[in-house]
Amino acid sequence: MTSFILGPLWTFSLLVFCLGVAWRIVAILALGFPRDPASPRGSGLAGGLAGLLRRSWPRNGVGRKNLLPVIAGYAFHLGLFALLFFAAPHVRFLDHYLPGPGWTPMPRWGFVIAAELAFAGLILLWLRRVMHPVTRLLSSLDDHLAAGLTFLAMFTGCLALYESFTGLRVLHVFAVELLLLYFPFSHLMHAFTLFMGRAATGARAARHGVGA
Amino acid sequence: MNRMSTYAPETSLERGIERLRAQIDARVATWFSSCVHCGLCAEACHFYAETGDPRYTPIHKLAPLKKVWRQEYTFFGRLARKLGISEPLDEQDFADWEELVYDACTLCGRCTMVCPVGNDITAMLRKQREGFAAAGYAPEGLKGATRRTVEVGSPMGLTWKALEAQIRHVERETGLGVPVDREGADYLALLSSLEIMGYPEYIGAITRILHRAGVSWTLSSRAFEATNSGIQIGDADVARELLQRVFDAAESLGVKNIISPECGHAYTAIRWESAGLLGREVPYRIIHIVELLDELKRAGRLPTAGRTGVRVTFHDPCNLVRKGGVVDEPRRLLEAVAADVVEGPDSGVMNWCCGGGGGVSANERAEGLRLAAFRRKKAQFETLGVEAVVTACANCRNILEEGIEHYAMDVEVMGLTELLAEYLAEDGQGDAVAG
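Chains A and B are the protein sequences, given in the same order. My numbering puts the first sequence at residues 1 to 212. My numbering puts the second sequence at residues 1001 to 1435.
Check the hints yourself; a few may be wrong.
Sample of chain B residues facing chain A (criterion: CB under 7 Å; computed from the structure) [unchecked claim]: (1) Glu1018; (2) Ala1022; (3) Ala1026; (4) Arg1027; (5) Ala1029; (6) His1037; (7) Leu1040; (8) Ala1044; (9) Pro1054; (10) Met1113; (11) Val1117; (12) Gly1157; (13) Trp1160; (14) Tyr1199; (15) Ala1275.
Partial chain B-side listing against chain A, Cβ under 7 Å, derived [claimed, not checked]: (16) Thr1030; (17) Cys1038; (18) Gln1071; (19) Glu1072; (20) Pro1116; (21) Tyr1284; (22) Gly1325; (23) Gly1348; (24) Met1350.
Below, computed lysine to aspartate or glutamate pairings styled on DMTMM-like, alpha-carbon distance capped at 25 Å [as the list claims (entries may be wrong)]: (25) B:Lys1378 to A:Asp142; (26) B:Lys1067 to A:Asp142; (27) A:Lys65 to B:Glu1014; (28) B:Lys1378 to B:Asp1427; (29) B:Lys1067 to A:Asp143; (30) A:Lys65 to B:Asp1346; (31) B:Lys1067 to B:Glu1151; (32) A:Lys65 to B:Asp1053; (33) B:Lys1082 to A:Asp36; (34) B:Lys1256 to A:Asp36; (35) A:Lys65 to B:Asp1410.
Hint data in this document are derived by calculation from the structure and do not stem from the laboratory. Since the structure is predicted, the reported quantities are computational estimates derived from the model, not experimental observations. All C-beta atoms in this analysis are idealised placements derived from N, C-alpha and C, irrespective of residue type, glycine included.
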C-alpha cells in the first residue's frame, strides 16, 4: 500500500491535477472573451494589471464591516503559502524534483506560526460559512469538501513534520493526493481563475474609465 | 407569475434556457469558477443591507445561470446530468428567481466593485435577464414599457406630437428656437421620456446652455428617445433595434456626435453597449450631457454667475460612475454653481443606488422593496445634513423625490443641467473659464 501511495497514485494524482487544471483553463478560454468595440476611455491592459492587485482589500465600508473573513482569509492563504513552499520537508521535496539551487526553509518557529495562521484562518472561515446566513445559503457540498480536504492535508502534514514515522508521512501524501485529485473539479480552481477574473473585470472597467 | 402575457409572443422555457446557455462565455465561466461563496457582495447590495434577507445576496441571484453553467460546463455537473441525479432548470426556477432578478437588483454595479475574486456580478445579472425575458419571466411593468418602446417609440407611450408640444412650450419660455431635424448639426441630442413628461425644464436648460455655448445641435423627430427598455428587461434584439433607430437618424442628419441625456442606463446603452450589440464600431462620438457641459465649461464657453448657498451633495448615478467613469465632471460643474457642496464617505464610485435603476422604477410590484432600500439613501442624506441633492439622471431624480416624499424628508432634488442653466451668465458677464 505504501509503495502504491508513494508511487503510482502520486504520479496519477499529479497528472490529474496538472491536466485537469490545464483542461479547465483551456475550456474556459475556448468559450472566448467577447470583444468590446466601444471606443475606450482608458487602457484595458493597464486596467487588467491594476485589477490583479486592486481587489486585495475590499472597498470602503465593506472591508471594515467584514474584518473576520478578510483577516481570516489572509491568515489562511499566507499561512498555507508559507507551509507549502517553505516547510523544511517541502523544500527538500521540491529541491529533489525541481532544477535549480533551491531555497532556504523556514525555521521551526516559522513553521509553527504559519501553521497556526493557516489553521486558525481555515477554521474561522469554515465556521463563518456554516454560521453566517449569507454564506450558509451560498455554500455547497463542494465548499465543505474543499475545506475538509485542505484541512486533512494540513493536519496530516503537521503530524508528519518530523518524518520520524513513515506511516504518518504516507498518510500525509495520501491526503495531498486526494486534494490534487479533487482540485481541478472544484472551486479550488479559484487559485488560478481568480487572476483571470480580476484581470478581465479590471480591463473592462478601465476601458470604461472606472478603476475597479 | 403569468408567462402568457409577455411583451414578445415567442417566449418559452426552451428559449429562456437556450438564451441563458448563449450568455456563457469565457468571462462568465471564469467568474463562476472563481466564486468562493464568501458573501462579501451581500454587504454592497442596498437590498440586502436594508432587509438583511440573504436571498438578496447578489451572487445568489445568479443561481439559474449558474445552474446552466454547472450542468453544461463542469465535470461533476455534466456527470450528474448524465446520471440523471441533478434537476434541470425548469419553470419553477424562473418563477422563484424572477423577483430576485428584476425587483431586487438595479444593476447598480456595487457588488462588482467589492468582489475579491473580480467577478462582474452585475454583468452576469444583465446577461441572466436575457434568459428570463426570453422565457417570459419578467415584471409586467417592464414588459409593458418594452412593448410601448418597440411599438410607439417610448416606454411611456410618448409620441413625437407630445414632444412637439413641450418644444413649443420651451420656445415660448426661453425665446429660443429648439432645432429639429437640422441636417449637418454637430450634435444630435437625445431625451428620455421622463425628462419630456416629468422634467421638461431639462429641454429648456439644454436649449439655453447649448445656445449660450454656440453649439450646433438638433433633435430628431425620428429618434428622440434614449431610454432603452431592451437593456433593462434583458432583450438584446430589442436593445439593438432601439439603438439602430438612433444611429439611422444620426446618419440621415449627418451629425458627428450624439448626446446622451441625463439618464443613466440610456448612457450605458448607447455609449458602452451599442457597439457590442451592433457588432461594429459606432462612427459617432457619444457623450453624456454632463461630459459635454464639463468640456464646454472648461473651454470657457459656459460662463456662470453666482452660486447657490444651499447645502448640497451630488448623488452619483450608478451608470455614470461605475459603468462610465464619469465622476469628476459633475463635481466640477456643481462646484461652479454651488458654494456649499458636501461629500459623504460613499460618494463617487461607491455611491449607493437610488433603488430604481435597472428597470425597477418601471416595476410597480417592486415599490415596497425599493422604498425599503431607500433607507440607505435617507441615512446618507441625513448624515450629510443636506438641504438639497443634485443628480444627473432623470430616473434617479424621480426615485429620490419619491423616497424623500415617502419618508417625509425636507430635502430638495435638483437636476445638474437645470442648476447650471439657472446660473448661466448673461452675455459679457460671469467667469470666463472655470474648473
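For each hint, the structure was consulted:
1. At a threshold of 7 Å, the smallest CB-CB gap from Glu1018 of chain B to chain A is about 16 Å, leaving the interface hint violated.
2. About 11 Å separates the beta-carbon of Ala1022 of chain B from the nearest beta-carbon of chain A, more than 7 Å, and the hint is not met.
3. This hint holds: Ala1026 of chain B has a C-beta 4 Å from the nearest C-beta of chain A, less than the 7 Å allowed.
4. Because the beta carbon of Arg1027 of chain B sits about 5 Å from the nearest beta carbon in chain A, less than 7 Å, this interface hint is met.
5. Hint status for Ala1029 of chain B: holds, given a least beta-carbon distance of 4 Å to chain A, under 7 Å.
6. Interface restraint check for His1037 of chain B: the shortest CB-CB distance to chain A comes to about 4 Å, inside 7 Å, so the restraint holds.
7. The beta carbon of Leu1040 of chain B is positioned within 7 Å of a beta carbon in chain A (closest approach about 6 Å), and the interface hint is therefore held.
8. The beta carbon of Ala1044 of chain B comes within 6 Å of a beta carbon in chain A, closer than 7 Å, and the hint placing it at the interface holds.
9. Among the interface hints, the one on Pro1054 of chain B holds; its C-beta lies about 4 Å from the nearest C-beta in chain A, closer than the 7 Å criterion.
10. Given hint, Met1113 of chain B at the interface with chain A, holds; its Cβ is 6 Å from that chain's nearest Cβ, closer than 7 Å.
11. For Val1117 of chain B, the interface hint holds, the least distance from its beta-carbon to any beta-carbon of chain A being 4 Å, beneath 7 Å.
12. A cut of 7 Å between beta carbons decides the hint on Gly1157 of chain B: the least distance to chain A is about 30 Å, and the hint is violated.
13. Using the Cβ-Cβ criterion of 7 Å, the hint placing Trp1160 of chain B at the interface with chain A is not satisfied: the shortest such distance is roughly 29 Å.
14. Here the hint on Tyr1199 of chain B is broken, as its CB sits about 26 Å from the closest CB of chain A, past 7 Å.
15. Taking 7 Å as the C-beta contact cut-off toward chain A, the hint placing Ala1275 of chain B at the interface holds, the least distance being around 4 Å.
16. Using the Cβ-Cβ criterion of 7 Å, the hint placing Thr1030 of chain B at the interface with chain A is satisfied: the shortest such distance is roughly 5 Å.
17. Residue-level restraint check for Cys1038 of chain B holds (minimum Cβ-Cβ distance to chain A is 6 Å; threshold 7 Å).
18. Taking 7 Å as the C-beta contact cut-off toward chain A, the hint placing Gln1071 of chain B at the interface is violated, the least distance being around 14 Å.
19. Using the Cβ-Cβ criterion of 7 Å, the hint placing Glu1072 of chain B at the interface with chain A is not satisfied: the shortest such distance is roughly 11 Å.
20. With a cut of 7 Å, the hint placing Pro1116 of chain B at the interface with chain A holds, because the nearest CB-to-CB distance is about 5 Å.
21. Evaluation of the Tyr1284 of chain B hint against chain A yields a violated restraint, the C-beta minimum of about 10 Å exceeding 7 Å.
22. With a cut of 7 Å, the hint placing Gly1325 of chain B at the interface with chain A holds, because the nearest CB-to-CB distance is about 2 Å.
23. The beta carbon of Gly1348 of chain B comes no nearer than 10 Å to any beta carbon in chain A, farther than 7 Å, and the hint placing it at the interface is violated.
24. Contact between Met1350 of chain B and chain A, as hinted, is supported at the beta carbon level, the nearest pair being about 5 Å apart and thus within 7 Å.
25. Taking the CA atoms of Lys1378 of chain B and Asp142 of chain A, the gap is about 40 Å. The hint is violated against a cut of 25 Å.
26. Of the supplied pair hints, the one linking Lys1067 of chain B and Asp142 of chain A holds, its CA atoms being roughly 14 Å apart against a limit of 25 Å.
27. In summary, the hint linking Lys65 of chain A to Glu1014 of chain B is not supported, as the alpha carbons are separated by about 42 Å, beyond the 25 Å threshold.
28. In summary, the hint linking Lys1378 of chain B to Asp1427 of chain B is not supported, as the alpha carbons are separated by about 40 Å, beyond the 25 Å threshold.
29. Distance restraint check for Lys1067 of chain B and Asp143 of chain A: the Cα-Cα separation of roughly 16 Å lies within the 25 Å cut-off, and the hinted pair is therefore satisfied.
30. For a cut-off of 25 Å, the pair hint linking Lys65 of chain A to Asp1346 of chain B stands: about 14 Å separates their Cα positions.
31. At roughly 35 Å between alpha-carbon atoms, Lys1067 of chain B and Glu1151 of chain B are farther apart than 25 Å, so this suggested pair is violated.
32. Our distance criterion of 25 Å between C-alpha atoms is met by Lys65 of chain A and Asp1053 of chain B, whose separation comes to about 17 Å.
33. For the proposed pair Lys1082 of chain B and Asp36 of chain A, the alpha carbon gap of about 36 Å is over 25 Å, so the pair is violated.
34. Using a Cα cut-off of 25 Å, the hinted pair Lys1256 of chain B and Asp36 of chain A holds, with the two alpha carbons roughly 21 Å apart.
35. A distance of roughly 30 Å separates the Cα atoms of Lys65 of chain A and Asp1410 of chain B; the hinted pair therefore is violated under the 25 Å criterion.
Hint compliance for this structure: hints 1, 2, 12, 13, 14, 18, 19, 21, 23, 25, 27, 28, 31, 33, 35 are not met, and every other hint is.
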